[in-house]
Structures are given as C-alpha cells and as structure tokens.
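**Q** Read off the chains here:
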Amino acid sequence: MVEMTFLQGIRQAIWEEMQRDSSVFVLGEDIGRLGGAFLVTDGFLNEFGSDRVIDTPISEALIVGTAVGAAAMGKRPVAEMQFMDFISCGFDQVVNVAATFRYRSGGTVSMPIVIRGPSGGYVGGSLYHSQQFESWFFHVPGLKVVQPAFAEDAYGLMKASIRDNNPVLFYEHKWLYRRIKGQIPGPDQDFIVRLGEAAIRRPGDHITIVAYGAMVHFSLEAAEVLAGEGISCEVIDLRTVKPLDMETVLGSLAKTNKALIVYESPKTGGVGAEIAAQIAEAGFDLLDGPVMRVAARDSFVPFAEPLEKYVLPSVEEIIEAARTLHRY
Amino acid sequence: MATRTKNRTNSQTAEQRYRDHLTKADHYELYRRMWLSRLFDETLLDFKKKARLKRGNLYASIGQEAINAGTSLPLKPHDYISPIHRDMPIFHFKGMSLESIMCQVWGKAEAPTRGKDSWSHMGDLSAGVIHSTSMLGSTIPVACGVAWALRLDGKTDSCVVAYTGEGATAQGVFHEGMNFAAVHKLPLVLIVENNQYAYSTPTHLGYATENTAARASGYGIPGWSIDGNDVLEVYEHTSLALARARAGDGPSIVECMTYRVRGHADHDDTRAMGYRPVEEIERWQKEDPIPRYREYLIKNKIFKASELPSPPPDVQKQVLDAAEYAINAPEPEAHTAMEDIYDESAGVTKWSK
Ligand SMILES: Cc1ncc(C[n+]2csc(CCOP(=O)(O)OP(=O)(O)O)c2C)c(N)n1
Numbered sequence: 000m001v002e003m004t005f006l007q008g009i010r011q012a013i014w015e016e017m018q019r020d021s022s023v024f025v026l027g028e029d030i031g032r033l034g035g036a037f038l039v040t041d042g043f044l045n046e047f048g049s050d051r052v053i054d055t056p057i058s059e060a061l062i063v064g065t066a067v068g069a070a071a072m073g074k075r076p077v078a079e080m081q082f083m084d085f086i087s088c089g090f091d092q093v094v095n096v097a098a099t100f101r102y103r104s105g106g107t108v109s110m111p112i113v114i115r116g117p118s119g120g121y122v123g124g125s126l127y128h129s130q131q132f133e134s135w136f137f138h139v140p141g142l143k144v145v146q147p148a149f150a151e152d153a154y155g156l157m158k159a160s161i162r163d164n165n166p167v168l169f170y171e172h173k174w175l176y177r178r179i180k181g182q183i184p185g186p187d188q189d190f191i192v193r194l195g196e197a198a199i200r201r202p203g204d205h206i207t208i209v210a211y212g213a214m215v216h217f218s219l220e221a222a223e224v225l226a227g228e229g230i231s232c233e234v235i236d237l238r239t240v241k242p243l244d245m246e247t248v249l250g251s252l253a254k255t256n257k258a259l260i261v262y263e264s265p266k267t268g269g270v271g272a273e274i275a276a277q278i279a280e281a282g283f284d285l286l287d288g289p290v291m292r293v294a295a296r297d298s299f300v301p302f303a304e305p306l307e308k309y310v311l312p313s314v315e316e317i318i319e320a321a322r323t324l325h326r327y
Numbered sequence: 000m001a002t003r004t005k006n007r008t009n010s011q012t013a014e015q016r017y018r019d020h021l022t023k024a025d026h027y028e029l030y031r032r033m034w035l036s037r038l039f040d041e042t043l044l045d046f047k048k049k050a051r052l053k054r055g056n057l058y059a060s061i062g063q064e065a066i067n068a069g070t071s072l073p074l075k076p077h078d079y080i081s082p083i084h085r086d087m088p089i090f091h092f093k094g095m096s097l098e099s100i101m102c103q104v105w106g107k108a109e110a111p112t113r114g115k116d117s118w119s120h121m122g123d124l125s126a127g128v129i130h131s132t133s134m135l136g137s138t139i140p141v142a143c144g145v146a147w148a149l150r151l152d153g154k155t156d157s158c159v160v161a162y163t164g165e166g167a168t169a170q171g172v173f174h175e176g177m178n179f180a181a182v183h184k185l186p187l188v189l190i191v192e193n194n195q196y197a198y199s200t201p202t203h204l205g206y207a208t209e210n211t212a213a214r215a216s217g218y219g220i221p222g223w224s225i226d227g228n229d230v231l232e233v234y235e236h237t238s239l240a241l242a243r244a245r246a247g248d249g250p251s252i253v254e255c256m257t258y259r260v261r262g263h264a265d266h267d268d269t270r271a272m273g274y275r276p277v278e279e280i281e282r283w284q285k286e287d288p289i290p291r292y293r294e295y296l297i298k299n300k301i302f303k304a305s306e307l308p309s310p311p312p313d314v315q316k317q318v319l320d321a322a323e324y325a326i327n328a329p330e331p332e333a334h335t336a337m338e339d340i341y342d343e344s345a346g347v348t349k350w351s352k
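Heads up: the protein sequence lines correspond to chains A and B, in order.
Under numbering that gives the first Met the number 0, the first residue of the first sequence is numbered 0, with each subsequent residue one higher.
Under numbering that gives the first Met the number 0, the first residue of the second sequence is numbered 0, with each subsequent residue one higher.
The reader is advised that the hints may include incorrect statements.
To be verified - Listed next, the in silico SDA-like pairs over lysine to any residue satisfying Cα-Cα at most 20 Å (straight line):
#, chain 1, residue 1, chain 2, residue 2
1, B, K154, A, K266
2, B, K184, A, G250
3, B, K154, B, S125
4, B, K184, A, D50
5, B, K154, A, K180
6, B, K154, A, R51
7, B, K154, A, D84
8, B, K154, A, F47
9, B, K184, A, P56
10, B, K23, B, S305
11, B, K154, A, E28
12, A, K308, A, E28
13, B, K48, B, H266
14, A, K180, A, I57
15, B, K184, A, I57
16, B, K47, B, R261
17, B, K184, A, Y121
18, A, K266, A, D84
The hints are simulated quantities; they were obtained by calculation from the structure and are not laboratory data.
No experiment lies behind these values; they were computed from the predicted model shown.
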C-alpha cells in the first residue's frame, strides 16, 4: 500500500497496465513531452517510447478514431481528452464509430478503448473546462461510463476499464485530482474494481443518497451534518454510471424507503432522471416519499464564482433536500 | 474531364512503369474484375426492380470499375482496405466471399453484420477489410489507427488503402486523418474517387482547388490526379503510392477522376438526370472504362477479341449464384438484435469487493 492522490492512482494504473500488457498504449494532446496538462502521463514517454505514447495534433476525432482502428486490430488504447469537454469534437467517432463497432461486426470485433480526461466544475474552469455531459454517452448502447470518487477506485476502475473489451468513458473529476488521497495496493495484488458495482460509502436508515464523482464527497459531508439532526443517510457511490448498479440502489431503498439522487450535470435529462424512472418502475412499493434530485441548474457552468456556485449543486442543497424528504 | 491528367507524376522511372510488369493473366484479371463490378451492380439493380431485393439502397459504382480493379490488384493479402459506400466489389477483391457480401445486401443471418447493418457497412479483418460506417470521412482516422497498430506490431510491409468520395474530403475528419498520417508517415494510400458529384452537389460547390489531390501539398505529401477511367493508370499510381508507403515514405493521395454514370443510388436515378447536363452524361458514357480497356488490350495485341467476351459468361454466373445463395439464406432471428452490443469477456482476473 502506498498513499497516492486520486490523480496518482490513475497514473499508476495506466503505468502498470502498460507494463503488464504491450497492447496498451496512450495517445492524446501534449501527453508525451509535457506528460499531459495535469501530468497524468508524466514520465510515460521516457519509459514506453513514442510508438506507445503518442503526442497527437489537436484532433479529437483523430484521437478517438485512431484508438478505434488500433482497438479493432487488438490493441488497448487509452485516449486522453485534454478536458472531457472537448470530446464533443470527437463525438461522432465515439457514438457512431466506437460504440457501434462490435454490433456492426456481428460480434467479431471488440473495442477495448478507454477515453479518459478531466471533467467537472468547482474550480473556476468556466464554460468549456467544467462540463460533464456524461448523460450524452449514458444514452448510447455499446458504451460504458465510469466516474470514480476515491483514489483506490480511480486506480482499480482504471485497470478494469483498460482490461474491459468495450469503449469506456472515464471521467476524472479534476476537483478530486489532488484533494483526495488513498492507499493504493501494490501491483502484486492485481487490485481491480469491477465496472457496474456501486459501493455503500456510509450506511444509514432514513434516506438513500445516490451519487457519483465529486458529488459523493458532497453527499458524505451532507450526511455528516444530517446525522447531527438525527437524519441517517446511506450514501451510495455508483462508481460506474453505465452499467448502472440498480440492485444496490433498490437494496438500500428497501431499508430507507426514500431516495435522493445527486449529480453534477444539468438536471434535465441527466443520469438522475433515469435512476428515478427505474426506481419508479421497479421500486414503487418501497417508496415512502417522492424520489428527489439535487443537480446542476439547466445552465452551462459559468466563470464568476457567485455564478458557478449558483449553478452547481452544493452541500447545503443536499442537506435541504434531505430534510424535506425526511419530513414525508 | 478538364483536370484528368494534370497532376500525373513525371517522376516515374522505368522500374516504376508498373504496367510493364503485368502478365497476360494480370491483364485478364483486371478485365474480369471490372466486369464483375459492373455485373454486381447491374444484377442487384435488376433484383431491386423485380422486387426480389426489397430493402436498402444500391450505391452502384457503374462507370468507376477501373478504380475497383486498378486499386485492388496491387494489394497483398496482408494489406488492409478501408472502403466506402460505392465499393462493394472491392470487398470481394480483397478476399471476402461474394456470398457473404450478398448476404449483407439482403440482411441475412450469415452476413458479416448478421443483419445488423446494410450495404457496405461491414468488414472482415481476417480478409483485411476494415469495417466502415455511414458517417462520411469517419473511416480515415480509423484507417490511421489500423496503420498505427501495424506499426506497433512491426508489420512494416502492410499498407492501408482508404477510399473516399471527393465530396467526403470536405469533412473535418478527412483533414484530421490525413494530417496525422502525414506527420507520422503512416503507410496509408488515399484513393479519392472523384466522380464529379456528391449526391447532387457538383465539385465546384465542394472545393475551390483545382482538384482534391492539390490538397496533398498542404500535408506535405504527394498527390496525383489521374484518369480514373484508365485502369492501367489507376493500377500504376496505386502501385507507386503503395511502394512509397512500404518504403516508409508515408501517405499519398491518388485522385481518380471518373464519373458516376447512374444516380447517387438507385432511388435517385430519375432525379440524377435533372441535376446533370445530358451531354455531360453522354460524354462520360463514351469514356466507359471497360470497352476502353478492351480496345487497349486488343490494339496492343495482348489479347484477341475472341478471348475477351463482354461480359465473361462465368462472371455473370458467379454473381447470380451468390445472389441466389443470399436469397435462400436464413433470416436473422429477431432476438439477435440485442446481441453483440457489449463484449463481456473482459480479461480481468481478480475482482475487489
Ligand atoms: C457525415 C455524413 N453526412 C451526410 C451523409 C449523406 N450522404 C451519403 S453519400 C453522400 C454523398 C457523398 O459524395 P462523395 O463523397 O463524393 O461520394 P460519392 O457518393 O459521389 O461516391 C452524402 C451527402 C453521410 N453519409 N454522412
């Protein structure tokens, strides 16, 4: 066990996978000489050489498309978006080319691709360096969507994503990069966190809070405050939003009978809407109150601090929503 | 056909006159491939008309057979192609069976996509055919990825030949892919099938350069705009581009100036007469690559006229048999629509809790 930041956990996972498996390679803008804008691939170029650490031109469609072609040939590319916001420039390659590949090959070609990069707000990144829009890809068959909240998970989920045979979108919340630290198991332990399995971060009896990414930490903070008021919250960290672990969510609801979903993206049409619908379909009898959501306002993430705070969800909003829900 | 031989290379030495090395059998093979392409399209159009083929559009390559034959003959089994919608016969020339291609057209269970997708959106990597999509231009970055994988595997002798229409060269991904291929000297040959129209849009509304090969200089690579109805010219320039790629000299663009004699697809045949001058169509019909080549072979005493039946009867039979095979092949079962979305055989050995 070594203490590492969330960011170092990701770096360590990719590094170890590249050492373990020569078919793994990385590509993206400024990832070689610079080591990436956030230094996730720092030192990779020296260790693995320029055939496996590709400094690409500013071409997101090219980055994803090259990953697709290489994956079709049996490689395991890990593609960096300098910021996840820029994936929109490669959107077609993700949804029409990568996601469909296995389907249109009649099951003969798999797409072991990881598309990773920093996402999320709360750092004054403004419109184009703060978005998540994971729901764009949540909607698409053939893709998996991962967003860790803890350093061990960032490490274990990255390893599982690289070894997964499907295109995985790996959202790294930049607010967590250096803020969160954890104990990372050594390579000898081959520690993996399986995709599609949520974790219960805090047991509780009154309300189930479902969250992922930075919102897990907000929810835990809220749960701590609420505990002081006699409201006991069970906090579920989804870790993977697609596939969605509804078994864990419904299992928790059977105990608490109340659901609060917290996500950082705009509220309308987000991942929380789907979770709420699935709860309504499969867990209606378990409910003692309305399914509630705390999410961003339906806006972009603005620059000025008061604006950003106004748009993005806060710990206070989670506490407020939980109090309302508890009164039912 | 103003631009047709403008940019042809003057740098070809005697050894690079690839056509001089063609054997009689090679010549016949080029001739046969052109006829197979022609009959492939005509047969399917006929099946469509008679309602024995009910679904899907037919994007025929009638008039463009010199490209199908001339670009495919120089390929080796370990090369890859990245085809587009108008190139169905090339899938076969690269090694896929006509039966499986016909099954794809009819959406049958044993089609390469198992009935999931239509027409050319298929591939077979074991034959060196990279799966295409309907998103024009999207295939070019993917071809770069295949080339990169070949590099990682040390397969320096394998090349990727990517096809595109001149219309699709306007896509941003075309630039992204060609730029990257040029920077890294990837073994890529880009064949631009310039048939003068992107659906109804003429070339002067598609690009402002003299031709699309002119763009090559923007990437620092060679580009040739050649007579795409002359199969030997196509063969020669493809061979030249492949030789460059195999030598590690990187990508090049071979733009084949040709003409789409029919509509964009079969649904468009009538309207296609409206958006193009009739004289233009007639002029290009006189440039039909098949009789042109036949005349060349006879004039140069490579074959006697009697040795070059038009069409070769066995080719027609081959196409018809494959179509009948597909018609009689089983339909896919409905529930298979939900198969092949994910591959859950992840190579993960150990799980955490
Ligand atoms: C991204 C995208 N936009 C639009 C279309 C619709 N479309 C299909 S073929 C075509 C024309 C293509 O022209 P060109 O590239 O010159 O090839 P050609 O059909 O002439 O062989 C269009 C507009 C498409 N398939 N993909």
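**Q** For a quick check of understanding: which of the numbered hints are violated here, in increasing order?
**A** Per hint list: 1, 2, 5, 7, 11, 12, 14 and 17 violated.
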